[in-house]
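As given, the protein sequences belong to chains C and V, one line each in that order.
The first sequence begins at 1 in our numbering and counts up one residue at a time.
The second sequence begins at 1 in our numbering and counts up one residue at a time.
Among the hints, erroneous ones may be present.
[To be verified] So these bits of chain C aren't anywhere near chain V, every CB distance computed over 10 angstroms:
id	residue
1	S69
2	G70
3	E108
4	T178
[To be verified] A few chain C residues facing chain V, derived, Cβ under 7 angstroms:
id	residue
5	I38
6	V113
7	Y139
8	L177
9	L179
10	A188
[Unchecked claim] Derived DEER-like restraints, expressed as beta-carbon distance ranges:
id	chain 1	residue 1	chain 2	residue 2	range
11	V	P39	C	P185	56 to 64 angstroms
12	V	L96	C	Q115	36 to 44 angstroms
13	V	W82	C	R71	49 to 57 angstroms
14	V	E381	C	L56	36 to 44 angstroms
15	C	L56	V	I202	18 to 26 angstroms
Keep in mind that the hints were calculated from the coordinates and are not lab data.
Where a beta carbon is used, it is the ideal one built from N, C-alpha and C, also for glycine.
Spelled out from the first residue to the last, the chains are:
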Amino acid sequence: MRRGVALAGVAVLVISLGGCAASGHAPPCRGPGDNLLILQAQAVPSATLIPCVSSLPIGWGFGGSLVESGRARFWLDSDRAGIHAVEVELTRDCDVSGAVEVPPAPGEVGVRVYQEPTSLPPAFAGVRSMVFPGGCIRYRFSFQGSAPSTLVLEAVGALGTVRRDVLVRQVERGVDLTLCGAGAPPCAG
Amino acid sequence: MDDTGRFTPAPAAPIEDGRRGGAHRGAHRRPSGEPPPLPHQLGRSGRFWLLMVGLFLAIIVATALFRSARLIVNTDVAILRWFADLRAHWLTNIMLAVNFFATIWVIRPLRWGTIAVLVAFRRWRHLLVFVVSIMVLEILTYQASLLFMLPRPGSVTILAPWTGYALPARPVASLAVTLLGMAYALVPHGRGRYAAKVAIGIVLFVVCVARMYLGVDWPSELAAGTTLGFAAGLIAFRWFVPNEVFPVSYQRGKAAHLDVTGPRGEAIVRAMRDQLAMDVTTIRPVGLEGSGGSTPLRLTIAATDAEPERYLFAKLYAKSHVRADRWYKLGRTILYGALEDETPFKSVRRFVEYEDYTLRLMYDAGLPAPEPFGFVEITPEREYMIVMQFFDDAVEISEAEVDDSVIDEGLDLVRRMWDLGLAHRDVKPANLMVQAGELRLIDVFFVQVRPSPWRQAVDLANMMMVLALRTDAPRVYEHALRSFSRDEIAEAFAATRGVASPTQLRSMMKAQGRDLLAEFRALAPARQPIKIQRWSVRRIALTAGVLLGAFFSLALIVGNWTVFA
């Protein structure tokens, strides 16, 4: 009986843990080198800019992340635009052939910006691509039915980038490691 | 162990301290501080992995508390740089090939292949433990990676693909739990499994070396991943499917029970000598195929001045048997409610004490049960062995000639148990022996004093069906009328249906193509079936708990299927 209760407890715990699969925190644009920022930089060693979150407006929250070699993603949830409303993706390059180039926002220095609406309201969806030396950052918007498309401005305002060379120096100072890739001294091997 | 499968112990050492007056004169009391016959020891692999789990926990604590401390990082970086200095094109290709073993393209086929084999051999419990251990490991390692958020190695160029954070090394943990699960679920206990575990250790070591060479994992996280994977598999299989109760075997009748060679064989000899003052010369497993709950043995006892060499029968019980009994009773409670006493035994000592009590009760009552000789302690609170008379040259009733005398003895046996207020509760061919034309009753573990009338009635029905297996129903029915009334026989067959009869008895009737239950019911007066379902708050709560557990398990499997597959 006691074993049964213990097993049930473990099952509940494991399932509860499974439900927290998207736990973690957004990569901040300010402060010392964040581990998610570092991992993103490791995923795309050529990228000179790394996506981050400057400040989350009310109603927005960090959803989760999935980082692998060659590709890093994290996403934001919104109480109005829905779960997984914006996904931020970093890759080495991206295809912008179907998109229209637009002027960069004030904080987007040294990048070429492209936009491609894929679905108009009431269920807004679109892609904003920022191409820069060694990488490409894409914001994929996918809002739920009733969400206004003006939430795109809120999301874009919340997101930003960190220069890789800044991150390289932070890692060097923090843990005495070289963050291999662009803007770093040559690594072993 | 000789080539006949018997264990032959070394000659007994002479008694030097004069504690015993001489062999067979009396038992030897174990003084305080002297170890028992078989001291409880964690296995070699158990000790090793316990050490590794400790190491892993130390790494976790060090990483969590002293992340800024650079000892671990510096050590890891030094190792990775050493490997990076070895890099050459041809060696990199080899290491990439080795690293392929830790990818889903290898791990998934291994998992699905194992599942297919376990389904084919209907090894459902092993299958469940295999799947759940993998899922728990995958979820825990994933959550640990999110908790610690450790980036990939720095200062060296990473040459292989990777996913997610570095702590613990999830691909290696996945490979470890999968390979270990395969060893425990597919390979029979013994040298084969030991060799498999050694091979797994080599494979994991080589994979870890490859991943360090490729700079994809930190050395300390590889150690953590390997340890977690191995520990998850070991704990799950040793706890939920211990080999003594759920052996892996591909041959009928050769199921491995407790190994009675080596240290355990020596311990049995010593326990018999010290505790019962008997010298055992050989130990031979017997009737393993008919034994689900213990390890049955035939012991050869050396001749003494008073008696010639003789055989004794013994049954070895371990803690795993208590666990199996607990699950069995839980199942019965859910299926029938409080129809009988389903209180589980708290310990293996209580387990064996109860059988010793029922054996003495039956023997003292003059029933044809084996003479009891008590029980011996092999490992305190973990392993005991009950010893009783061995019926020389006895054969199972299903293989013996069943004449009128045997039929009468069988029916008289039930009548006497009824009169004494007893029920055997496991009347089946394997427990009824014929020795020189006389019926013997063995395996009295399930005997109950003051049982329910239903259970007594079932004993009668099962006995009549066993006797009819080698004869016919009308003949047995005619003999039964000498000891039982028509109403009593009608009650017996109104009480008996489905699982009330032991599996062996049902299988034999099926093999013969006979529905003895229907034949006897046709002979006896008509009677409404006796209700055997008993409802109570406890049964409802237990059933709800089990259903809830099953639901959670299913939710776990469905919700994490992608993690697993």
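Of the hints given before, which are not true for this structure? 1, 2, 4, 6, 7, 13, 14, 15
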